[in-house]
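Just so you know, the protein sequences line up as chains A and B, in that order. Each number in the numbering used here corresponds to the 1-based position in the first sequence with 3 added. Each number in the numbering used here corresponds to the 1-based position in the second sequence with 243 added.
Any given hint might turn out to be false.
[As the list claims (entries may be wrong)] Using 25 angstroms as the maximum straight-line C-alpha spacing, the simulated DMTMM-like pairs for lysine to aspartate or glutamate come out as follows:
{"#": "1", "chain 1": "B", "residue 1": "K294", "chain 2": "A", "residue 2": "E606"}
{"#": "2", "chain 1": "A", "residue 1": "K474", "chain 2": "B", "residue 2": "E382"}
{"#": "3", "chain 1": "B", "residue 1": "K411", "chain 2": "B", "residue 2": "E382"}
{"#": "4", "chain 1": "A", "residue 1": "K457", "chain 2": "B", "residue 2": "E382"}
{"#": "5", "chain 1": "A", "residue 1": "K496", "chain 2": "B", "residue 2": "E382"}
Keep in mind the hints are simulated off the structure, nothing from the lab.
These are the residues of each chain, in order.
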Amino acid sequence: MSDSSSVKSVHIHIEPIGRHVTVKAGSTLLDASRKAGIELISPCGGAGTCKSCLIQLVEGELSPPGLTETELFNRKEIESGYRLACQAVPLSNVKIYIPQESLTTPQRLQIEGQEIGVALDPIVKTIDVLLKPPDLNDLRADVTRLNDEIHKHGIAPARIQLPVLASLSDSLRAQDWSVRLALRRDEIVAVLQPGKSPMGLAVDVGTTKLAAYLVDLSTGQSVAKAGAMNPQIAYGEDVVSRISYAVENEGGRERLRATLIDGIDNLITNLCDEANVIRNQVVEVVAVGNTAMHHLFAGLPVRQLGLAPYVPAVSEPLEFPAAQIGLDLAPGAYVHLPSNIAGYVGADHVAMLLASDIHESRGNTVAVDIGTNTEITLASNGQMLSCSCASGPAFEGAHLQDGMRAAPGAIERVQIEKGEIRIQTIAGRPPVGICGSGILDAISEMSKEGVIDKGGRFQKDSPLVRTKDGKEEFVLAPSSINGHQRDIVITRKDVNEIQLAKGAIRAGINILLMEAGIKPDDIDEFVVAGAFGTYIDIESAIQVGMFPPIPAGRFRQVGNAAGIGAKQMLISAARRKQAELIARRVKYIELTTHKGFTEEFLEAMYF
Amino acid sequence: MAVDQEYFDKLAQTVIDGDDEECVRLIKVGLDKDMDPVKAIEKGLGKGIIKVGDDFGEGVVFLPELIMAADVMKQGTAILDEKIKAQGLNRKSLGKIVIGTVKGDIHDIGKSVVASVLQVNGYDVVDIGIDVEIETFIEAVKENKADCLGMSTLLTLPLQVMGQVIDKLKEEGMRDNLKVIVGGCPVTQEFADEIGADAVGFDAADAVKKVGALLGTKQVLLKEPWQISTREDNV
């Protein structure tokens, strides 16, 4: 598109951090990342010999790989866009993806959550059996022998699928006829060594992040947890662009599925290493995610999710062998995908509702999960109403002049007192940009201190407002104190982005309250879930008008409740059933076509 | 209160402030004093909406202010139009525009904002809603004898519908006498060129400017938004 010789500067979009930077043509990607305040590992000092500063090209054009790179990478890697940041020079505007291992400090990924006690009642149970070995007088087949033995335990003959059967005979003999059988209802899904616990895997498949827990199904305890970016991010930042990728590119849907499974597979390796468990022990998977992630994970079509009226291919719970989607676990392991509610309210929200137990609450409970799409549910008088609002990616740092995701150096807390600005960054690093909780705080303080007015207009007479190129802006962290020698600022456009985001969320809350015929003050409990929701300051959220002004004591920040809900469904068949009932009970309200939405949305954009 | 410059400035201010009650009150006061309704639009409401439109374009004000201003403007002109009609006159439209969100998308707000802003800038706007089928666009353009067609979407998959509508317009031999403007989050200039649209409106203010340029009404729009003609002229 552009003649590289005439390009004076290029724009670099860095994923998964979500930073944007403009650099002089001829700079390497390593220089560009440094300028953006992102440190890549480069022990060889940029000589191109160590493969540490590995990056992947997503979009745009880079200088052709040099000799050092063609030696380090095989053809497949080069074709996949793998390059060394210290060698590659952008020839156009580019989008790159930095794998976790190339970053000096990993991104903050939230995988904790408040757990609530659930009685252990896993769908996969074990029995230990000791078989009498065959001899010339006892020629029963291995499976017959097994069934005869488990019959003594009061269990009817078990079903056994080919992949399990394929390893059964060898396992029996290798373990001297003493085995622990993992039984899923009436099916043998794994033949374990005696004393080895059956393991379950709970995965929260977010559009941006993956969180996975390895759970011991005999105790119900998590033995390891791990988080990573969803590697699909290289094919589009949000659900809508992933759907487009899947639909508009040949093999796109399959590529997205394979990429996601790869990412989950890496997590499984890490989890198993950490807990000293072999993959064969993992007998059951519960995965939750928004409806698009759910479909892409299972390899289902997504076109209908990208077009009105946005209906899922399936809303009922799904169960299928893990091997069918390429997960390498116990030979007979199954995947359980819980119900979703609508095209834009997925099983992750169902899991969150389950974990928060809001279906059992007596009074009026609101539960929100804030993301690019924010799902909101109101439980009131036994009825449950849900909606989804397009809050946009501003709280993930996207579309903001100096926005970034929650990574080291991100400004996460802001206070303005008597004209003095105080900031706190993640990991205490010099400020690089602003993440979601930081921008929320900043806008809240700016509105409180009169830097912006009700409509988001900068007040020219405020000493904290300066004019640059005819536009007002607020300097949050001057170049003198930050990590890249450029002022970190908040512009009017940034304020607008937050107005849209918080306006959409508040309008969604208001519409549900209206539908249930109650007022904000009638809310007895307000549950805030998700990574962003955990780190935000509730007072800031109220100050900007994102949440209704109810006493702080009624709010409950629950962390990654979706992950907890998934874990509960892993260790309890009863919870699974409950999740299904919740999804069936919820009434979905489509906001876009709701007659009151526009007015509420506009009103809620004010501060 | 005399109907003088100060009065018109106040009227303009009600649009800027989004104060519909004050706007309606002032207009009634003015009409009681035999104010020329045409002047009230030209010197009062029109000035106000142009200011808000410019401020929006420059990022000084945002969506709520713009929409509220458009709403006040609509209420005010409705009263004044009635008076103009009663005097045997007619306000000439700057052009007829059909606008809608394409099939596959039900997002309403962006498209409605553009419709309102075009309308208060003197265009005759027919908003045919959301999730609009290709055929419905064609029929609406025919039926309304539109000068310009506006299509919107917030999503990427429905983008292709815009191209299909343009192809269909060509097929029906309707493309030459019609200007087509597209808009919405995923729409780029590159995309518009590719499907053969005449322009992209990147926001409401931009859409008004581009439509003005397409229909040759730009100058009129920015300086004097309201053209008035007698009924005889229209016949």
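Given hint E382 (chain B) paired with K411 (chain B) - CA-CA distance at most 25 angstroms: It holds: about 11 angstroms lies between the C-alpha atoms, which stays within 25 angstroms.
Measure nothing beyond the straight line between the CA atoms of K457 (chain A) and E382 (chain B); if it is 25 angstroms or shorter, mark the hint as holding. 43 angstroms, violated
For a C-alpha distance cap of 25 angstroms, please report whether K294 (chain B) and E606 (chain A) respect it. Holds - the C-alpha atoms of E606 (chain A) and K294 (chain B) are around 21 angstroms apart, at most 25 angstroms.
Does E382 (chain B) lie within 25 angstroms of K496 (chain A) when you go C-alpha to C-alpha? 39 angstroms, violated
Taken at face value, is the distance from the CA of E382 (chain B) to the CA of K474 (chain A) at most 25 angstroms? Roughly 44 angstroms between the alpha carbons, so the hint for K474 (chain A) and E382 (chain B) is violated.
The structure fails to meet hints 2, 4, 5 from the earlier list, while all remaining hints are met.
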